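My numbering applies: residue 3 is where the sequence shown begins, and numbers increase by one.
What the hints contain is simulated information worked out from the structure, not anything from laboratory work. This structure is a prediction, so every number in the text was calculated from the model and none was measured. Do not take every clue at face value.
Cβ-Cβ distance ranges computed for the label pairs, FRET-style [claimed, not checked]: (1) D41 with S72: 47 to 53 Å; (2) E27 with R63: 36 to 42 Å; (3) Q34 with K74: 31 to 37 Å; (4) S7 with D41: 27 to 33 Å; (5) S72 with F33: 18 to 24 Å; (6) T37 with K74: 29 to 35 Å; (7) A71 with L46: 35 to 41 Å; (8) L40 with L65: 33 to 39 Å.
All residues carry an ideal CB built from backbone N, CA and C; glycine is no exception.
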Amino acid sequence: MVKGSEIRDLSDDELERRLGETREELFNLRFQHATGQLDNYQRLRQLRRDVARIRTIARERELTLHGEASEKGASRG
3 MVKGSEIRDL SDDELERRLG ETREELFNLR FQHATGQLDN YQRLRQLRRD VARIRTIARE
63 RELTLHGEAS EKGASRG
């Protein structure tokens, strides 16, 4: 399980890479679950939460950048 503070320290490129890796692992575990080969069901839950955590932090960054741009445009008024 990845902590939010660890994710926040990553750059945007590293965040995208981590999201891709996590989604790929989640896909593989879902496939194992469907074929009855999955041993650790808890890992599915952890990965789903990691994906949500990563996407949330990415969205926070996006909104922060958008908000700063909007404030700069509004102050010119």
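### Query
Would you say the C-beta atoms of A71 and L46 sit inside 35 to 41 Å of each other?
holds, 38 Å
### Task
Confirm or reject the claim that D41 and S72 have a C-beta distance inside 47 to 53 Å.
holds, 49 Å
### Range agreement (Cβ of D41 with Cβ of S7, hint 27 to 33 Å)
holds, 30 Å
#### Entry: Status of the given 36 to 42 Å range, CB of R63 versus CB of E27
This hint is violated: roughly 23 Å between Cβ atoms.
### Query
Is the hinted range of 29 to 35 Å satisfied by the C-beta distance from T37 to K74?
violated, 53 Å
#### Entry: Outcome of range test on Cβ distance (L40, L65; 33 to 39 Å)
Between L40 and L65, where Cβ atoms are some 36 Å apart, the hint holds.
### Query
Taking 18 to 24 Å as the hint, is the beta-carbon distance of S72 and F33 inside that range?
violated, 43 Å
### Message
Quick check on a hinted range of 31 to 37 Å for Q34 and K74, using CB atoms only.
### Response
violated, 49 Å
The structure is inconsistent with the numbered hints 2, 3, 5, 6, although it conforms to all the rest.
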